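Asker: Chains as they are written, first to last, in this note's numbering: chain A, 2 to 420; chain B, 2 to 420.
Hints were generated in silico from the structure; no laboratory data involved. The reader is advised that the hints may include incorrect statements.
A pair counts as met if it fits within one copy or between any two copies, since identical chains are not told apart.
Keeping only pairs whose Cα atoms sit at most 27 Å apart, straight-line, the calculated BS3-like set for lysine-lysine is [as the list claims (entries may be wrong)]:
#, residue 1, residue 2
1, LYS113, LYS245
2, LYS243, LYS52
3, LYS354, LYS380
4, LYS236, LYS52
5, LYS245, LYS293
6, LYS354, LYS167
7, LYS236, LYS354
Remember, it's a predicted structure, so these values are computed and weren't measured experimentally.
Number of protein chains: 2
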Amino acid sequence: MTVADAAAATIAAVSHAASSGGDTHAMVSKIILQLLLAFAAAKITGYIFEKINQPVVIGELLAGVIMGPYVLNVLQLNDPSMHLTFEVIAEVAVILLLFSIGLETKLSDMAKVGLKAFWVALAGVVLPFALGFFYMKITNHNDIMSMFMGAIMVATSVGITARLLKDLDFMSEEVSRIVIGAAVIDDILGLIVLSVVSGLAEKNSISLAAIAVTIAVIVIFLLIFTLGGVHFNKKYGYRIGKLKARNAPLIIGSLICFTYAVVAVQIGLAAIVGAFMAGVVMAERESEFEVKEKLEILEDVLVVFFFVIMGAKVNITAFTDPSILFAGLIITVLAFAGKLFGCALPVAGMGIKKASFIGMAMVPRGEVGIIIAAFALSKGIIDDAFYGIAILMVLLTTLIPPFILGPMIKSIKRGRQNS
Amino acid sequence: MTVADAAAATIAAVSHAASSGGDTHAMVSKIILQLLLAFAAAKITGYIFEKINQPVVIGELLAGVIMGPYVLNVLQLNDPSMHLTFEVIAEVAVILLLFSIGLETKLSDMAKVGLKAFWVALAGVVLPFALGFFYMKITNHNDIMSMFMGAIMVATSVGITARLLKDLDFMSEEVSRIVIGAAVIDDILGLIVLSVVSGLAEKNSISLAAIAVTIAVIVIFLLIFTLGGVHFNKKYGYRIGKLKARNAPLIIGSLICFTYAVVAVQIGLAAIVGAFMAGVVMAERESEFEVKEKLEILEDVLVVFFFVIMGAKVNITAFTDPSILFAGLIITVLAFAGKLFGCALPVAGMGIKKASFIGMAMVPRGEVGIIIAAFALSKGIIDDAFYGIAILMVLLTTLIPPFILGPMIKSIKRGRQNS
Numbered sequence: 002m003t004v005a006d007a008a009a010a011t012i013a014a015v016s017h018a019a020s021s022g023g024d025t026h027a028m029v030s031k032i033i034l035q036l037l038l039a040f041a042a043a044k045i046t047g048y049i050f051e052k053i054n055q056p057v058v059i060g061e062l063l064a065g066v067i068m069g070p071y072v073l074n075v076l077q078l079n080d081p082s083m084h085l086t087f088e089v090i091a092e093v094a095v096i097l098l099l100f101s102i103g104l105e106t107k108l109s110d111m112a113k114v115g116l117k118a119f120w121v122a123l124a125g126v127v128l129p130f131a132l133g134f135f136y137m138k139i140t141n142h143n144d145i146m147s148m149f150m151g152a153i154m155v156a157t158s159v160g161i162t163a164r165l166l167k168d169l170d171f172m173s174e175e176v177s178r179i180v181i182g183a184a185v186i187d188d189i190l191g192l193i194v195l196s197v198v199s200g201l202a203e204k205n206s207i208s209l210a211a212i213a214v215t216i217a218v219i220v221i222f223l224l225i226f227t228l229g230g231v232h233f234n235k236k237y238g239y240r241i242g243k244l245k246a247r248n249a250p251l252i253i254g255s256l257i258c259f260t261y262a263v264v265a266v267q268i269g270l271a272a273i274v275g276a277f278m279a280g281v282v283m284a285e286r287e288s289e290f291e292v293k294e295k296l297e298i299l300e301d302v303l304v305v306f307f308f309v310i311m312g313a314k315v316n317i318t319a320f321t322d323p324s325i326l327f328a329g330l331i332i333t334v335l336a337f338a339g340k341l342f343g344c345a346l347p348v349a350g351m352g353i354k355k356a357s358f359i360g361m362a363m364v365p366r367g368e369v370g371i372i373i374a375a376f377a378l379s380k381g382i383i384d385d386a387f388y389g390i391a392i393l394m395v396l397l398t399t400l401i402p403p404f405i406l407g408p409m410i411k412s413i414k415r416g417r418q419n420s
Numbered sequence: 002m003t004v005a006d007a008a009a010a011t012i013a014a015v016s017h018a019a020s021s022g023g024d025t026h027a028m029v030s031k032i033i034l035q036l037l038l039a040f041a042a043a044k045i046t047g048y049i050f051e052k053i054n055q056p057v058v059i060g061e062l063l064a065g066v067i068m069g070p071y072v073l074n075v076l077q078l079n080d081p082s083m084h085l086t087f088e089v090i091a092e093v094a095v096i097l098l099l100f101s102i103g104l105e106t107k108l109s110d111m112a113k114v115g116l117k118a119f120w121v122a123l124a125g126v127v128l129p130f131a132l133g134f135f136y137m138k139i140t141n142h143n144d145i146m147s148m149f150m151g152a153i154m155v156a157t158s159v160g161i162t163a164r165l166l167k168d169l170d171f172m173s174e175e176v177s178r179i180v181i182g183a184a185v186i187d188d189i190l191g192l193i194v195l196s197v198v199s200g201l202a203e204k205n206s207i208s209l210a211a212i213a214v215t216i217a218v219i220v221i222f223l224l225i226f227t228l229g230g231v232h233f234n235k236k237y238g239y240r241i242g243k244l245k246a247r248n249a250p251l252i253i254g255s256l257i258c259f260t261y262a263v264v265a266v267q268i269g270l271a272a273i274v275g276a277f278m279a280g281v282v283m284a285e286r287e288s289e290f291e292v293k294e295k296l297e298i299l300e301d302v303l304v305v306f307f308f309v310i311m312g313a314k315v316n317i318t319a320f321t322d323p324s325i326l327f328a329g330l331i332i333t334v335l336a337f338a339g340k341l342f343g344c345a346l347p348v349a350g351m352g353i354k355k356a357s358f359i360g361m362a363m364v365p366r367g368e369v370g371i372i373i374a375a376f377a378l379s380k381g382i383i384d385d386a387f388y389g390i391a392i393l394m395v396l397l398t399t400l401i402p403p404f405i406l407g408p409m410i411k412s413i414k415r416g417r418q419n420s
């Protein structure tokens, strides 16, 4: 036996031994390797984007597209055995992101912009839905398909928008608070639209009583968990500071965050809505506990996984078909127009600069749109081409606004200095 | 339709809509709920254990046992669709733990205790292996089964031991450095034993050349990656501090940690050996970059999952069979004796207190033992009863030493004050 033979035999034996926990151990190593490569790619691309003054989040999304299953297939998102693990990591990441956004939002601040945010959200839901629905009707699709296209165009991606405002250091502005408030409200409205549309698709009928109850459940959740939580924190929260365990406020904050997220899911809301509410509750004592600073460390390591995985889901090969590309571009234009006008109109009184900033910041669609499209696809209501159109719309509404929002923010800041 | 009917219909419709991403979305929520409950249970139990002056890690392991599939089945570790996700989380957690242990270990300190640690590790591997092997031979088991019992008894759990020393605030002591050094070396020796034993089990023969090559590969890895890394960090590491990205040292540290872990797995070592080496490399500039402080925040949130999942793997129902219980207790006594005498003997010159502390600190077995037992079980070399014995040994060697090490540390500290 030569040394080379021995080496080969040993490496085989040793790697065999290393995978001794059965397939599981080898799979764990494989997933960790993929996560490492995706993390490295996203961090490097993000760093380059920061250097060239572009939003970091776009760099991370693009890194995801390239590392994902449709280009390099380094991040094997479509492997059925690994799929769930990646989804859990992405979900935990976006929950932490919305929690940290909530931490920067005091209830009193929310109350100030609440009514404006509500009208922005409502008009920003109605107009895109109407545009999507009527475009589909005009192009000879049936009612159900048309309604689903409308529903897909409804919900702004709070995650992407919030991250963008954070990266651009613009979170504390009134316009940003309106955007975040409206994005949270429109996520809730989007879920109501989804439950109505899917009810119609299954039963071809929907009861007004059922819709009323859905809305009542959501309002009760918000009242009890947010107002109750804030009250409780104001009165008893100081006790957390007295616990001697290391990082107690962060640990208790995380517990509250995930508890709210889980409860939100149980009553049919998105986990991120609950996480945001938990952040609002904890915000009352933020200056005291410094949870935000500590959470930033968790965020810098974890949140990137949400964006890289979102990017990896984009199937860019679908756009080689010119008819899909054409329909996708029209839907994208309608999706831009719907939010831009819908969301700017209710706040037109703030001036053209601020109103159009709010409209543009509400343009990015994301997870909720993809969830609705995937649901319709799995039910056979829409086909692959239609799904491709929806993904293209989500992709373009996410990729383009960051390039426009940067200059818009500069213009708002400049306007302030001149006055 | 009554209001109650409407409510029921709506809740069904809404929860249906919420799970619209297909089964995946519902599964993600289920896993997050389980992780939340396990996290809460572990943190509460850990806090209680701290209050009653017992090691926190034991509280977390016990929380795992109770939440795990064999008692409450809240943490559904044995569900095939969720299994992998939990394993990935546990692995990431223990990688971060070993990285942070490495960060507290400078190469120069390691060099001081290196030779002592090597002899402690070697004797602590040979004696338990011999005791396990001969007990099995005496009780009429065949060679292969006897060898596997020896192999299962070999490797100290670095994770549990290190966490214990950290909790007891004793990490900077010479004895602790010897323990950590020896535990890392014995993990490497354990993996060599495993590759030899599994080679024998498969081929009924093993070449000395192959063993030599295995050892050579490991030595080369350690030399290049540790010495080379330390040299590189000393010379060029200051550049990391100049990067403007937030938390750059932590992010680059994490990248190096997981890269080392992945390379270690590729050449047949455990991921945690690589993670420890990465920590040693980064330790050179620890005072400058404060990676350790930031990592502590990640640790406080993530590392608990390793221990709660390790606890959840313990099938306590296996011990209701008196013959398994009896054999398990004998193997446990041998496992204690093997490390206690084997590891204390090479350092007998340090005095009885310190030598016996080192021996006792090396007693806990863990992941490697369980991996070897699971491997042998899957190959049909050992049966369920034998597996139960191995698990009981791992459980008792993990649960008992913490209660003895606390008083031992106090005694060492008292002895120092008196002199």
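Asker: If a hint holds in the structure, say so; if it doesn't, say that too.
Answerer: For each hint, the structure was consulted:
1. LYS113 / LYS245: neither (37 Å within a copy, 36 Å between copies)
2. LYS243 / LYS52: The answer is between: 14 Å across copies meets 27 Å, while 43 Å in one copy does not.
3. LYS354 / LYS380: Cα proximity of LYS354 and LYS380: none, with 43 Å in one copy and 70 Å across.
4. LYS236 / LYS52: between (45 Å within a copy, 25 Å between copies)
5. LYS245 / LYS293: For LYS245 and LYS293, the Cα distance is within 27 Å both inside one copy (19 Å) and across copies (20 Å).
6. LYS354 / LYS167: Only inside one copy: LYS354 and LYS167 sit 19 Å apart there, 56 Å across copies, limit 27 Å.
7. LYS236 / LYS354: neither (41 Å within a copy, 51 Å between copies)
Checked against the numbered hints above, the structure breaks hints 1, 3 and 7 and satisfies the rest.
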